[in-house]
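Produce the complete structure using the sequences and hints provided.
Residue numbers (the numbering used here), protein chains in the order written: chain A, 1 to 95; chain B, 1 to 115; chain C, 1 to 115.
Warning: the hint list may mix true and false statements.
Partner residues aside, some chain B positions facing chain C, computed with beta carbon under 8 angstroms [what the hints assert, rightly or not]:
1. Y21
2. S28
3. K44
4. V48
5. V52
6. L54
7. M69
8. T75
9. M76
10. M90
Please keep in mind that the hints were generated in silico from the structure rather than gathered at the bench. Ideal Cβ positions, reconstructed from N, Cα and C, are used throughout, including at glycine.
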Amino acid sequence: MELQTSPVLTFAIYISFFSLTISLFMGLYRLLTGPTLPDRIVVMDLVASLSIGLIITYIMATGQTVFLNVAVAIALLVFMGNIAFAKYLIRRIKK
Amino acid sequence: MRKVFRFLVRVFRSVLFIFYYLKELILSSLYVAYDIITPKDLMKPGIVEVPVDLKNDTAIIAFANLISMTPGSLTMDMSTDKKKIYVHAMYLHDKEEFIRKMKGELERKIAEIFE
Amino acid sequence: MIEWIAAFLLIAGSLFMLVAAIGVVKLSDVYMRMHAITKAASLGAILMLAAVSIIYVQWIVWIEAMMVVLFVIFTAPIASHMIAKAAHKGGNPKGPGYIMDELEEKDANKFEKEE
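Spelled out as structure tokens, the structure:
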């Protein structure tokens with residue numbers, strides 16, 4: 001990928017991509033080994049924050065500010081997803 | 001005229017509340033980061049019930065959110081008559097002191113703003 | 001100068017997210033992990049959005065960044081509170097070292113009445 005920014009910002013963007021990727025793998029570990037369903041839902045919340053971070057880093061790298069719309073959509077949808085999962089958990093207990 | 005003035009005071013207080021909320025968020029993130037990075041097994045978690053005296057629903061929601069944002073505490077549940085909030089605390093050394101901190105600092109601030 | 005500030009904000013935000021991920025792997029039960037997610041990950045997102053709105057000086061970027069910040073800081077505590085409530089109601093196993101749990105009585109008594 002061709003970065004069109006100053007050297008300082010380029011360095012920051014590389015660091016950011018690196019640490020976000022490592023965080024994604026940590027989330028994957030918890031997703032695979034999490035003993036119960038709520039553990040995995042927590043990972044969903046984490047991955048949403050991480051993808052907002054990835055989108056922002058991508059915007060910084062390429063200058064395409066249109067993708068900020070995706071961040072808005074993710075921030076809204078994850079809240080809905082959490083509420084739906086909570087309702088599902090409560091309903092599953094009752095049965 | 002007086003209504004307009006009261007409305008403006010309310011808006012001003014809400015803006016102040018948002019800044020206070022952000023300050024608490026930054027502080028508690030630093031606390032959590034410190035707790036995660038330093039390896040220690042001295043955590044004393046516990047779930048405490050905190051009594052609430054607020055009447056307004058909006059005020060109760062703001063109080064619950066603010067509790068989630070203060071360092072080391074997380075709102076978990078609320079009783080059906082809206083009189084108690086159940087709070088998960090990370091470091092629970094003294095229950096009375098924890099409740100006093102919640103009631104004294106945070107609830108007073110919420111009551112100033114919303115009621 | 002502005003680039004230095006933006007670089008600092010970007011690195012700080014991504015490090016907060018890394019800390020949240022370490023917390024998700026390392027902490028011992030669901031409620032503690034929720035502490036890490038609610039605070040550290042939200043602050044990370046806010047810092048990175050601040051970096052974007054410093055670099056790109058456009059109205060639309062500022063408005064959208066503001067929207068994301070408001071959604072994140074007001075919905076993250078509510079979401080974690082819902083999940084924690086449901087998890088506790090389902091009897092999710094707690095980690096070691098708990099010194100009290102006052103929510104258990106409520107869950108045992110009023111299981112049928114609520115919702």
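Hints, verified against the model:
1. Y21: For Y21 of chain B, the interface hint holds, since the closest Cβ of chain C sits about 7 angstroms away, which is under 8 angstroms.
2. S28: holds, 5 angstroms
3. K44: It holds, given that the least Cβ distance between K44 of chain B and chain C is near 5 angstroms, below 8 angstroms.
4. V48: Given a least distance of 6 angstroms, the restraint on V48 of chain B holds.
5. V52: violated, 14 angstroms
6. L54: violated, 16 angstroms
7. M69: holds, 6 angstroms
8. T75: Cβ of T75 of chain B sits 5 angstroms from chain C, so the hint holds.
9. M76: Interface hint status for M76 of chain B: holds (5 angstroms vs cutoff 8 angstroms).
10. M90: holds, 6 angstroms
In summary, the numbered hints that this structure violates are 5 and 6.
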